[in-house]
Amino acid sequence: MIGAAGRRGDDIRSDAFIEIEPRSTGGLDLAVRSRVDAYYGESIRTQARARLATLGVEHARVSIEDQGALPFVLDARIETAVRRAGLGDGRDGAPARTVPLPAPSSRDRLRRSRLYLPGNEPKFLVNAGLYRPDGVILDLEDSVHHDEKDAARIVVRNALRAVDFLGAERMVRINQLPAGLEDLQVLAPERPDVILVPKVESPQVIAAVDRILDEMLADDARPVWILPILESALGIERAFDIATASPRVVALTLGVEDYAADLGVSRSSDGLESDYARRRLVNAARAAGVPPIDSVYGQADDLDGLREWGERSRALGFVGMGCIHPRQIPVIHDAFAPTAAEIERALGIVRAYESALAEGKGVVSLGSKMIDPPVLRQAQVLVAQARRAGRLHGSEPPRGGA
Amino acid sequence: MSATKLVMNAVGRRVPTRVNGREAPPFQGIGAYEPTGAKHGPSIRSCRAYPRNGDKRVGSLEEAFERCGLRDGMVISTHHHLRNGDRVALGALETAGRMGARDLLWFPSASFPCHEPVIDLMERGIVHHIEGSLNGPLGEYCSRGGMRGLGVLRSHGGRWQAIQDGEVKIDIAVIAAPSADPFGNADGSHGPSACGSLGFALADSMYAEHVIVVTDHLVPFPCVPWQIQGNHVDHVVVVDSIGDPSKIVSGTTQITRSPDRLLIAESVATLLRDTGILREGFSFQAGAGGIALSFVAYLREMMRERGIRARFVRGGSTKVLVELLRDGLCDYILDGQTFDLDGVRSIASDPRHVSTSPLTSYNYHGKGNFASLVDAVVLGATEVDLQFNANVVTHSDGRLLHGIGGWQNCLDAGCTILAVPSFRDRIPVIVDEVTTITGPGACIDVVATERGIAIHPRREDLLAALRGSDLPIRPIEEIQREVEAICGGKPQRPRLLDRPVAVVKWVDGTVLDTVFQIAP
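Heads up: the protein sequence lines correspond to chains A and S, in order.
Under the numbering used here, the letters of the first sequence match residues 1 to 402, in that order.
Under the numbering used here, the letters of the second sequence match residues 1 to 520, in that order.
I should point out that these hints are in silico values taken from the structure, not numbers from a laboratory.
Be careful, since some hints might not be right.
[To be verified] Partial pick of chain S residues on the chain A-facing surface, computed with a CB cut under 10 Å:
#1 ALA10
#2 GLY136
#3 GLU140
#4 GLU209
#5 ASP397
#6 HIS402
#7 ARG424
#8 ASP425
#9 ARG451
#10 GLY489
#11 PRO494
#12 ARG495
#13 LEU497
#14 ASP498
#15 ILE518
The structure presented is a predicted model; accordingly, all values stated were derived computationally and were not measured.
Just so it is clear, CB atoms sit at the ideal spot from N, CA and C, and this is done for glycine as well.
From just these sequences and the hints, can you work out the full model?
Here it is as structure tokens:
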């Protein structure tokens with residue numbers, strides 16, 4: 001069986017096409033054609049031989065057509081071809097980690113923007129962190145063709161070992177269960193920060209993912225969070241139960257594309273068809289004690305439309321949304337940032353609290369108005385958000401708070 | 001070329017002291033070379049030899065060549081304002097070949113992929129060699145050692161210098177003109193093959209022994225504005241078509257959607273803002289590449305926000321520059337070449353959109369140049385090294401990639417910025433040592449990549465101004481290390497033979513570097 005993986009053609013960039021034909025004798029017959037042969041030809045040959053050795057491939061015809069694939073991509077394509085050729089069983093193909101595991105992610109970190117990255121498109125991965133999204137989603141689901149799921153899994157696994165996402169939260173969107181189980185097997189050990197579970201319609205699915213993570217990561221205190229995506233009428237109806245199905249659930253989000261299809265309506269620019277679902281999701285998420293995050297805005301070129309959508313989304317109670325293009329990130333960060341007036345007001349409340357504390361008063365008041373604990377708490381959260389978003393200018397942020 | 005003697009020049013590169021049979025002084029440092037003597041001039045002519053009715057038309061290019069006394073070994077010059085749509089340059093060389101001429105030196109202001117058939121003319125002995133930009137197939141041919149003479153790469157300004165020095169004596173200039181009158185006055189901004197400015201042909205018209213204007217749009221005298229003055233012109237030839245308009249200018253130049261390039265463009269605009277270069281009455285120059293265009297778009301927003309107006313902008317003009325002019329964000333476009341239809345329409349109709357030439361902007365023998373009055377320039381490069389030396393003429397594997405254009409001349413600006421991705425297709429852009437030095441690091445101030453911005457340590461003023469800026473200012477070595485980690489180590493060095501195939505001239509005519517033949 002000949003195993004082939006990757007992509008070829010003159011318009012392909014930063015990828016490689018590998019073909020492997022197993023043989024019983026004769027050693028390795030390795031042919032390399034590379035766009036970057038003058039620069040990395042020797043390195044490619046050395047790397048290919050090492051990778052094949054790791055996977056136990058001793059006799060085979062191997063051809064590599066390289067269009068400037070980075071080393072982690074080349075490793076992934078070779079491994080995929082080897083496995084598709086029926087070789088490498090029982091061998092761990094994961095390359096050594098070249099980027100240290102970043103600090104663990106906290107439950108309450110900023111999640112204003114999450115940038116979708118198709119898992120089988122290596123060229124988009126390496127620079128994703130440069131656009132400063134709060135999170136990157138290495139996607140194994142809708143952006144990956146059915147026949148390429150195995151390839152994407154390996155690319156994503158290698159990326160989690162080789163790519164520095166520069167502080168962005170590393171999220172992986174697995175496939176719907178049961179197919180997603182295989183994704184978890186390969187990727188949970190890479191310690192992504194968040195697992196996105198798509199098309200969730202029942203709390204049992206989240207409980208199942210939670211259980212698997214518990215089993216696989218029992219010996220590790222590092223958190224791996226779950227972000228359920230609700231994409232159907234039924235999912236929305238069960239939003240609260242889903243949000244409370246596991247202590248790993250860190251937020252709740254929805255996919256309006258599939259949701260509209262489930263309702264049998266087409267999508268509109270103002271999102272009328274998902275209006276109820278979005279409000280319902282906000283309420284359910286907050287009832288369950290987690291923040292709600294909005295879907296994506298599909299017109300990458302319409303930044304004004306995006307800003308409007310984001311501002312309305314924030315007014316509804318969402319804390320962030322997904323991005324399909326890096327250009328959307330700064331606009332979303334702006335749209336979800338507290339306004340100057342909100343920050344000013346919150347600062348006033350927090351300052352009043354601090355001076356009350358200093359004076360040993362039991363009651364916090366601003367002017368003649370008494371401040372209730374929930375209002376104080378909200379102000380503290382907002383000040384903390386503003387500080388993390390770099391929006392506290394001119395005034396020394398008070399310590400303490402959320 | 002056998003036993004070419006190579007000496008070490010002031011940037012430590014081995015260069016030949018004779019190029020195509022002429023003395024060629026090695027590079028001595030920025031502004032160090034002081035030429036003496038008188039400028040070259042063509043033979044004296046008098047009006048008595050030209051028709052009193054001003055009609056200089058002849059029936060064909062053959063006839064014009066015949067009257068010019070075409071013979072073997074002549075220097076034929078052309079301009080590149082018709083870019084990849086040009087039909088005149090190749091047509092002229094083929095015509096000369098049909099007439100039996102051999103060993104011609106082709107002296108274009110630049111060459112394009114449409115000129116690939118010149119390889120065949122070289123193979124057949126009609127063209128001896130090319131002194132001008134060598135890219136694509138022509139670059140490949142030269143890199144493999146196919147050309148009989150040395151390629152000589154000059155900047156647009158360096159081409160003027162070479163002409164005025166008499167280093168290249170043009171025998172016949174063939175000037176494609178989108179419109180012309182029978183007297184030979186010619187203009188580039190009107191007619192079916194309009195290309196905007198004709199500035200690159202100006203020196204040829206003034207210094208060539210013979211000047212032929214070729215047009216597909218004859219207008220009655222006077223052709224206004226006369227970018228080329230008919231007083232320099234010997235003959236006018238009318239043809240059906242001088243070029244393919246769809247390839248002369250692009251319809252509309254598109255701003256890049258590549259997020260990496262947008263990131264670089266935005267950070268360069270921010271750099272101008274944070275250093276204070278962006279101020280009332282400032283000036284800048286940027287090309288027509290994707291990064292340069294989106295840089296202008298970001299800068300425009302910053303200018304609007306702060307109510308800042310530029311006094312002038314140097315083109316390559318494009319739609320974004322034209323919009324800047326139209327919206328009152330700059331007073332003048334000083335245009336060296338016109339890249340898209342919006343630019344062509346604007347230069348033809350707006351008196352604030354002015355045609356310039358390398359004489360106004362770039363010439364080492366000029367009494368000053370516009371280029372040094374520009375506050376900031378944004379340029380590209382294929383490679384930059386740790387000394388900030390940059391390369392635009394060869395790939396990192398040593399193959400000739402493209403010409404110098406105005407790139408070297410622009411390095412005279414107040415702040416020179418190279419806006420480049422940190423790697424392309426796994427090939428790092430920041431290297432230990434550039435393959436070919438096209439611009440010495442001594443005149444490059446900023447290297448802006450998507451992974452950080454390196455400022456030449458010499459520019460303490462910029463570094464001080466950027467203290468407190470949010471921009472990722474990093475040492476160039478640090479960016480290089482990061483990129484090498486991503487790309488899998490340092491790239492291999494190119495395999496080159498010790499045989500020169502071309503030289504790179506500095507703006508003053510000295511030899512800055514040598515391009516060696518690539519290994520087969």
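Going down the list of hints, with the structure as the test:
1. At a threshold of 10 Å, the smallest CB-CB gap from ALA10 (chain S) to chain A is about 29 Å, leaving the interface hint violated.
2. The interface hint given for GLY136 (chain S) is broken, as the beta carbon of that residue sits about 15 Å from the closest beta carbon of chain A, more than 10 Å.
3. Look at GLU140 (chain S): its Cβ only gets to about 13 Å from chain A, farther than 10 Å, so that hint breaks.
4. Taking 10 Å as the C-beta contact cut-off toward chain A, the hint placing GLU209 (chain S) at the interface is violated, the least distance being around 43 Å.
5. Here the hint on ASP397 (chain S) is kept, as its CB sits about 4 Å from the closest CB of chain A, short of 10 Å.
6. The restraint placing HIS402 (chain S) at the interface with chain A is violated, with a minimum CB-CB distance near 18 Å, outside the 10 Å limit.
7. The interface hint given for ARG424 (chain S) is met, as the beta carbon of that residue sits about 8 Å from the closest beta carbon of chain A, less than 10 Å.
8. At its closest, the beta carbon of ASP425 (chain S) sits 3 Å from a beta carbon of chain A; the interface hint therefore holds under the 10 Å criterion.
9. Against a cut-off of 10 Å between C-beta atoms, the interface hint on ARG451 (chain S) holds, since the closest Cβ of chain A lies about 7 Å away.
10. Here the hint on GLY489 (chain S) is kept, as its CB sits about 6 Å from the closest CB of chain A, short of 10 Å.
11. Because the closest C-beta pair between PRO494 (chain S) and chain A is about 6 Å apart, less than 10 Å, the hint holds.
12. With a least beta-carbon distance of about 8 Å to chain A, the hint placing ARG495 (chain S) at the interface is held under the 10 Å criterion.
13. The closest approach between the C-beta of LEU497 (chain S) and any C-beta of chain A is roughly 14 Å, which is over the 10 Å cut-off, so the hint fails.
14. Contact between ASP498 (chain S) and chain A, as hinted, is not supported at the beta carbon level, the nearest pair being about 18 Å apart and thus beyond 10 Å.
15. A distance limit of 10 Å between C-beta atoms decides the matter here; for ILE518 (chain S) the minimum to chain A is near 9 Å, and the interface restraint holds.
Figure legend: structure checked against the earlier numbered hints; hints not met, in rising order: 1, 2, 3, 4, 6, 13, 14.
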